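Participant: Chains as they are written, first to last, in the numbering used here: chain A, 66 to 257; chain B, 88 to 291.
Hints may be right or wrong, so weigh each one.
Claimed, not checked - Residues from chain B that face chain A, not an exhaustive set, calculated with beta carbons under 8 Å:
1. LEU126
2. GLU130
3. VAL142
4. SER158
5. LEU163
6. TYR166
7. GLN226
8. VAL279
9. GLU284
Said to hold, decoys possible - Which chain B residues stay away from chain A? Per the calculated CB distances, all over 12 Å, these:
10. ARG116
11. THR123
12. SER264
Hints were generated in silico from the structure; no laboratory data involved. Just so it is clear, the structure is predicted and the values come from calculations on it, not from any experiment. Ideal Cβ positions, reconstructed from N, Cα and C, are used throughout, including at glycine.
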Amino acid sequence: MNCGESEERIALHAGGDLPPREAAAVDRHVAECAACQALLSGLRQTADALRAAHSEPVDSAHYAAVRARVLSELSRRQRPRWAYAALAAAAILLLVGVWPRATPRPQPQVPAVAAVRGADPLVRGGPPGPLPRVTPEAAGRGRRTQGVPRTRGSAPPLQQGEPGPPAQPLVVKLITDDPDVVIYWISEGKGE
Amino acid sequence: MRALAFLAMANPAGGTDAGTNAGPDASARAIAAARTGGLAAFETLMRQHERLVLVTALRLLGNIEDAKDASQEVFLRLYRNLGKVGASGNFPAWLYRVTVNVCYDMGRKRASSVPMEDVPNLAAPGADPQESAAGTERQRVLHMSLRVLSAKERAALVLRDLEGLSTGEVARALGSSEATVRSQISQARVKVKDFVERYFRRRV
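Excised from the complex, chain A in its bound form:
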């Protein structure tokens, strides 16, 4: 092609990719240049043939196969996460259920007992009278109610079965093999 018209412009024009003014200029040239006319015609026919060759629909079985493979892969990847979660849940249940029994229980806080009796023997120096029987529940409550005696007898008597002040929640962080999976278990701290 020695006419000076660029092959690139004709190729773009064949696909409708030139702005209107440029396209009109190419059309004027092509009308007078046999070589460019042949080039433009060949490009358009090739493009039509290419589209026709690629217009055959893909068998639906191929789509189904891709979907099945993707879903299978995703299910396989998700399974360990559930396994981790189940394992973690079991471990935490075990921890929460066993730990309070396994650890030695401290004596109940004296002030709590004193509150029941209406006096604080440690503060007032009175003779220690017989302590009421301490149940495991009361002992656990006493362990978690440190600081209550600072009210020096102004605290209401702590009756058995009555909820104590809010306890600090127990937070357990479990790190799994998968860096994307970190499991936090936050317990209300009711323990037993």
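Go by the hints and put chain B onto chain A.
Facilitator: Here is chain B on its own, set in the frame of chain A:
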């Protein structure tokens, strides 16, 4: 040129068959559902866009098994990025970009472009040239014509001429400038035309 005229007349339907089965609203709903709705919702999202992904991959890679592998990877990346694609605004453009990138990666691992001189004789042995041209040979030649293009030329041509994207959309999908894409498209059109003409001139 005569061969080309015959090719064009033999199957005048043309047109593209890729694209999505859902409008933007349906896509947004499906993405939102997939984000919270588990695998069943994600399967719905896949069904809406599987034609875009698989057909584009098939045109870029040239065989269905590779295209299925590429599609699988595209959808796995989509699943991992469900939170991002919802905010991107143009979901099909995102899918095209990822599909092209996955196909680039796969193409690097194997020879995705063959020199024009190395293209084998695609006709069945002993077949009459005219009968062959009328049958599967025509399809094979046209499919093979994309293999003589570089990966970027092929992607530009497939997205513009077969998928029907505008040059601006192609540029965004390929991460190139419009000027670069226009150059790639024009070179690809000329190469494909030359390949097909040379092939049939050699056969006849």
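Participant: Given VAL142(B) as an interface hint, is the shortest Cβ-Cβ distance to chain A below 8 Å?
Facilitator: Result: holds, 6 Å to nearest chain A Cβ.
Participant: Can you verify the interface hint for GLU130(B): is its Cβ closer than 8 Å to any Cβ in chain A?
Facilitator: Holds. Min distance 6 Å.
Participant: Holds or violated: GLU284(B) as interface residue toward chain A, Cβ cutoff 8 Å?
Facilitator: With Cβ-Cβ at 7 Å, under 8 Å, it holds.
Participant: Would you assess whether THR123(B), listed as outside the interface, keeps its beta-carbon beyond 12 Å of every beta-carbon in chain A?
Facilitator: Check passes; 15 Å lies beyond 12 Å.
Participant: Does SER158(B) hold up as a contact with chain A if the rule is Cβ-Cβ below 8 Å?
Facilitator: Holds. Min distance 5 Å.
Participant: Taking the closest Cβ pair, is VAL279(B) under 8 Å from chain A?
Facilitator: This hint holds: VAL279(B) lies near chain A, its Cβ roughly 6 Å from the closest one there, short of 8 Å.
Participant: Beyond 12 Å from chain A, beta-carbon-wise, is ARG116(B)?
Facilitator: Consistent with the label, ARG116(B) stays out of reach of chain A, its closest Cβ about 19 Å off (over 12 Å).
Participant: According to the definition I'm using, a residue is off the interface if its beta carbon is farther than 12 Å from all beta carbons of the partner; does SER264(B) meet that for chain A?
Facilitator: Its Cβ never comes within 12 Å of chain A, the nearest being 14 Å, so this holds.
Participant: Is the hint on GLN226(B) kept, meaning its closest Cβ partner in chain A is under 8 Å away?
Facilitator: Because about 5 Å separates GLN226(B) from the closest Cβ in chain A, which is inside the 8 Å limit, the hint holds.
Participant: Does the nearest C-beta of chain A fall within a distance shorter than 8 Å of the C-beta of LEU163(B)?
Facilitator: Given a least distance of 6 Å, the restraint on LEU163(B) holds.
Participant: For the hint on TYR166(B), does the least C-beta distance to chain A fall short of 8 Å?
Facilitator: 6 Å, holds
Participant: Hint validation: LEU126(B) versus chain A, beta carbon distance must be below 8 Å. Holds or violated?
Facilitator: 6 Å, holds
Hint compliance for this structure: no hint is broken.
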